[in-house]
Each structure stands twice: as C-alpha cells, then as structure tokens.
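2 protein chains.
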Amino acid sequence: MQSLKDKIRREGKVYPGNVLKVDGFLNHRIDVDFLAEIGREFYRRYADAGVTKILTVEASGIAVACATAAFFHVPVLFAKKSKTVNISDDVYTAEVASYTHKTVNTVMVSREYLTAGERVLILDDFLANGAALQGLISLCRQAGAEVVGCGVVIEKAFQQGHALIEGMGVRVESLARVASMDPETGVTFLDD
Amino acid sequence: MQSLKDKIRREGKVYPGNVLKVDGFLNHRIDVDFLAEIGREFYRRYADAGVTKILTVEASGIAVACATAAFFHVPVLFAKKSKTVNISDDVYTAEVASYTHKTVNTVMVSREYLTAGERVLILDDFLANGAALQGLISLCRQAGAEVVGCGVVIEKAFQQGHALIEGMGVRVESLARVASMDPETGVTFLDD
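Just so you know, the protein sequences line up as chains A and B, in that order.
Following numbering that gives the first Met the number 0, the numbering of the first sequence begins with 0 at its first residue and continues without gaps.
Following numbering that gives the first Met the number 0, the numbering of the second sequence begins with 0 at its first residue and continues without gaps.
No lab work stands behind these hints: they were computed from the structure.
Each statement offered as a hint is correct.
Each pair may be met inside one copy or between any two copies, as identical chains are not told apart.
PhoX-like, lysine-lysine: derived pairs with alpha carbons at most 25 Å apart: (1) 80 with 20; (2) 101 with 80; (3) 12 with 101; (4) 20 with 101.
The shape of chain A in the complex, shown without the other chains (with noise of 0.2 Å):
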C-alpha cells in the first residue's frame, strides 16, 4: 500500500533493535482518516472471503479491526490480556509473548463471541515474530472457528513471524513489508 509506505517512510521513527515507531497514527495517536483508508485496503484484499467476524487483541488492533469492520459491516471481538470482570470465566486461552512489552501475556476471549462455522478475518497493527497472530489463530481453532487470512497493517520481514503464520496454513496480508531498518537511514521495503 503506497501511501502507507509513503508514511511510515515520512513519520515512523527508528531505533536501535529493530524499533519503529508509528506512534503518531497508529499505536498512540490515531489519524483516523488514514486507517479507514487502511481498512478499506484489507476489504479489498479479503472481500470475496465470507468474512463474519474481525479478531484482533487489545489495545492498538482495535482501532485497525474498527476501521476495517465498517466495510465488512461484521462484529470485533478483541481478545483481553488480563482477566476483568466484564469477562465471563467461560473462556478460551492462548499464551502469547509480547515483542514491546517484553512480557508473556494470556490472552483470551468468552466462548459465547466465538463460535464454531464462523469465517474469521484476524487483524494486527504488527506482525514480528507472529507470536500474538499465532495465539489468535489458536484461539479461532480451539473455537472450531474458520481463519480465513490474516491482516497486518506493517510486517518487519526480517523476523519469522510471515513464515510461520504461513506454515499454520493461513494466508498473510500486510500492507508494508519493512525488509530492513536503521536509525541513520531509515526504512526499506521488501518491493522497493
């Protein structure tokens, strides 16, 4: 997607170990109008799916799964990483490592939102070493749900994560593949 490549080039900030920042429409600050142009990319690219529900995880997917989810007009469910008590104990889990946050969360959502037969489009603003898509695919698959691809808005192509989701048999969208970074030179892309 150029015009997000054209941004991240424009905005995204780099630091050293493989750290880019899009913290100024994505991840802290949201330009709204920019992700409804990104959701309207993942329904181009997804619309012949038969797409019934959109999973993402808290907290910045959910603005990405938002965004997209007004073309596909179908519900979010965005998985928690910590037990509340707006959540029933009728839940499935996944174990997750958290690249930022250096953490191993659990992830988790009620069974009453996900249900066997549903067709289940999974969005992420990152995919890195596909740790948290991997723990949504598990969740979709524990619920008999169908994963009909995954959505990331910026892939770091360098890590694994790509590969790996692939090897689970799930198609892998991102709309900026980042081949490599540098805090002098900036970002590369893998078609540039």
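With the hints as your guide, set chain B onto chain A.
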C-alpha cells in the same frame, strides 16, 4: 439515547456488585455499526465545540473514540496504561484507580501529542466513580490543553462520577444514565 437504552435493556447483563456487562456490543465484542450511531450522537452534542482532538484510554475507549472521530475528522489519542517501547520517556502521567480491574494504573500520553491550545473531547465507555475521566482531564491540564467536555456511553448515575467531573468545571454528556440495576429486575434509567 433511546436506541442505546433499548440495547442495554435487551443485551446487558446485571451481576451482583453493580456490575453491568455489555460485552456483547461495547467492550469485548463490538457492534461496529451501532458504535457509528453512538459516534454520530456524540458528534451531534459536541459539533459546535471546536473539537481538535479526542482523548480516551485503552482499551475499550478506543473503539468509541474512533467511531466518534470519524464524524469530527480529528485525531484520536489514547492514553496508555503501561510503558512500552512504543512510547517515549517524555510523557504526562496521572494515577487512575480502575473499578473493573481492581488496580491502580498510571495512565500516560506523550507530551508530543497533547499540546497547549488544543480543544479536547474526552470519551470513555463507562462513567462510575469518575477516576478515569479525572485522570484524563489531569493529562490535558498538565499540557495546557482545554477540555471542551467529556462523553461517556453508559453512566452509573448512582455513583459520584458525574458530579465529580462537573465539579472540575467540565461538561459531561452521558448517552445512557443508569439509575439502578438489579440481577433480578434489570436496569432502570434516570429519565425512565
């Protein structure tokens, strides 16, 4: 907002301890088309307020904020509850006691994205004791930004949050004001 009150009556579940679960459309599974109606209603109430930014707090507030920002065409900023590599050290912080999580969180925003002279609409899914809104107002005031008002989807009007926030000199708009709730008899609203 009549359609919201109807939906709460139809789909909300009341548990002991004044817990109202609306995880079927608001804070776990998200009814995106209905959230657009909620966003339109906040826009109707604040259209003339000169809003330049919408501030909320992760996670459930994000969907409400994005749905509303789509009408205002302004950016969303969501306060974070934990420090990640995605946020700089240069932040405003405030302490917030969470009713649902039974914890005290520090919420934070990057100083870069909340600045003097902005006109901020603060949105959240629930208003109970007002702690979350109070924290978000504090972030704005530290930045020298003006809070044009708060908007909440569901208010527990039998708690002190509404009065607390108005006592800080801030307008509060609640789309549904719950007067009482009971596991047996359900929910009543202030204007029933």
